[in-house]
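Given next are the chains, with one letter for each unit.
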Amino acid sequence: MFMRDYQDMVFASARRLTGSDATAQDITQDVFLKAWEHFANLRERVGAGGWLKTVTLRLSLNHLGRYRRRWRLFSELLPAGEAGSDPDQEATAPEIEAALGSLDSISTGLEHAERDARVRGALSQLPDAQRVPLVLFHFEERSYQQIAQDLDVSVAKVKTDILRGRLALAKHLQAGV
Amino acid sequence: MDDQSAQATALEQRVNRVLNGTAAFKAPPDLHLQVLARIERGAQVPWWRRRVPEWPRPAQLLFGLTGVATAAALVLLRPARHATLGTVLPHPAVLQRPAADLHTTLNLLAAFDRLLDALVGSLSNGVWYGALALCAAGYVGLFFLFALGYRLIQTPAAR
Chain C
1 MFMRDYQDMV FASARRLTGS DATAQDITQD VFLKAWEHFA NLRERVGAGG WLKTVTLRLS
61 LNHLGRYRRR WRLFSELLPA GEAGSDPDQE ATAPEIEAAL GSLDSISTGL EHAERDARVR
121 GALSQLPDAQ RVPLVLFHFE ERSYQQIAQD LDVSVAKVKT DILRGRLALA KHLQAGV
Chain A
178 MDDQSAQATA LEQRVNRVLN GTAAFKAPPD LHLQVLARIE RGAQVPWWRR RVPEWPRPAQ
238 LLFGLTGVAT AAALVLLRPA RHATLGTVLP HPAVLQRPAA DLHTTLNLLA AFDRLLDALV
298 GSLSNGVWYG ALALCAAGYV GLFFLFALGY RLIQTPAAR
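Line by line, the protein sequences give chains C and A. Those letters in the first sequence? Residues 1 to 177, by our numbering. Those letters in the second sequence? Residues 178 to 336, by our numbering.
Chain C with its partners taken away, still in its complex shape (with noise of 0.2 Å):
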């Protein structure tokens, strides 16, 4: 009773951060494993949500963890421009502006379903340096310096990486429509 409850929030959560069926599945099973062990404290607590969820991050965010380390290795390496300047004045006008109009068109033009596969893709597509910080940001409600702690990296690197996924995302589903 307590896993049906639960399982589709930690399911889902796997399964935007990781980008991956299976692997969200195999999160899965391994957060209701440590419920398991703790359920004894468990199912007295009110926030077990939250600890469930809290959970599911961070074995999601470890199964990541050898491309993070490497993504934060490198990012250190590029030109000052491109990983510490201000993210917004690194998108041009035109670009946000064709950004809006796709997303305003899929927000109306489309059949749920149909909306619902197209997104799914679309954030499916995204590198894990883009999808991750912006289901971070987005899905999970995580400030760009929580994104920062988690991720290890500095925030104008979070704030950077979301700008692009968001542009990137759009171009996606713009190539769908």
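Note that these hints are calculated values from the structure, not bench results. You may find that some hints are simply not true.
Said to hold, decoys possible - In silico lysine to any residue, SDA-like type, Cα no more than 20 Å apart, as pairs: (1) 53(C) / 26(C); (2) 203(A) / 171(C); (3) 203(A) / 115(C); (4) 171(C) / 198(A); (5) 34(C) / 211(A); (6) 203(A) / 19(C); (7) 203(A) / 1(C); (8) 34(C) / 201(A); (9) 34(C) / 226(A); (10) 53(C) / 201(A); (11) 203(A) / 20(C); (12) 34(C) / 227(A).
Stated by the list, open to error - A few chain A positions that, by computed beta-carbon distances, are all more than 10 Å from chain C: (13) 224; (14) 242; (15) 273; (16) 278; (17) 293; (18) 303.
All values derive from a computational prediction rather than experimental measurement. We put the beta carbon where it would ideally sit given N, CA and C, even for glycine.
Fit chain A to the given chain C structure using the hints.
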């Protein structure tokens, strides 16, 4: 707030609406069965094949004591340069053969230790610094080769 920042904020809100307007992923219907199966498999694993923190308390204690005893024995029986086995271990007749083998091993280790000492003593500082510089240069070279490969292969896909 300038126009571009206003646009970026609008983009954030629009993406938020699109993403959160999407139906959430559903877990596979048999996921709870898979978890229960894993719990059951885990329960059938004997204690000695589990992680040490999951062992019974007496077994953990014994494991810790054995570790400490082994460490102490290694320290006490370390290859002394001029010691013979007889000064370290009494050996009754049944232990003569293994004791002789151990004796040979200890002598070999002591000889290796002396050889290392002689080698270290005979090399000048210049050779050591040269070797260190060579290692550092090799390490830095590999690092940049890897970084270059990463930027060529991985980074373009991330943009």
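Right, here's what the structure says about each hint:
Proximity of residue 53(C) to residue 26(C) is assessed by CA-CA distance (about 15 Å); at most 20 Å being required, the pair is judged to hold. Between residue 203(A) and residue 171(C), the direct Cα distance comes to roughly 26 Å. Violation of the 20 Å bound is thereby established for this hinted pair. A distance of roughly 16 Å separates the Cα atoms of residue 203(A) and residue 115(C); the hinted pair therefore holds under the 20 Å criterion. Restraint check: the Cα-Cα separation between residue 171(C) and residue 198(A) comes to about 18 Å, which is no more than 20 Å; the hinted pair holds.
At most 20 Å may separate the alpha-carbon atoms for a hinted pair to count; residue 34(C) and residue 211(A) meet this at roughly 14 Å. For the hint pairing residue 203(A) with residue 19(C), the CA-to-CA distance comes to about 14 Å; that is within 20 Å, so the pair holds. Using a Cα cut-off of 20 Å, the hinted pair residue 203(A) and residue 1(C) holds, with the two alpha carbons roughly 16 Å apart. Distance check on the hinted pair: residue 34(C) and residue 201(A) sit about 23 Å apart at the alpha-carbon level, beyond 20 Å; violated.
At most 20 Å may separate the alpha-carbon atoms for a hinted pair to count; residue 34(C) and residue 226(A) meet this at roughly 18 Å. A hinted pair counts as satisfied when its Cα atoms are at most 20 Å apart, and residue 53(C) with residue 201(A) qualifies at roughly 15 Å. At most 20 Å may separate the alpha-carbon atoms for a hinted pair to count; residue 203(A) and residue 20(C) meet this at roughly 13 Å. Annotation: proposed proximity of residue 34(C) to residue 227(A) holds, straight-line Cα distance about 15 Å (limit 20 Å).
Residue-level check passed: residue 224(A) sits 15 Å from the nearest beta carbon of chain C, beyond 10 Å. Annotated as non-interface, residue 242(A) keeps its C-beta farther than 10 Å from every C-beta of chain C; the closest such distance is 27 Å. Look at residue 273(A): its CB is around 52 Å from the nearest CB on chain C, clear of 10 Å, so calling it non-interface holds up. Its beta-carbon lying about 44 Å from the closest one in chain C, residue 278(A) satisfies the requirement of being farther than 10 Å from that chain.
No beta-carbon of chain C is positioned within 10 Å of the beta-carbon of residue 293(A); the least distance is around 36 Å. Against the 10 Å criterion, residue 303(A) stays outside the reach of chain C, whose nearest CB is about 33 Å from its own CB.
Taken one by one, the earlier hints fail for this structure at numbers 2 and 8, listed in ascending order.
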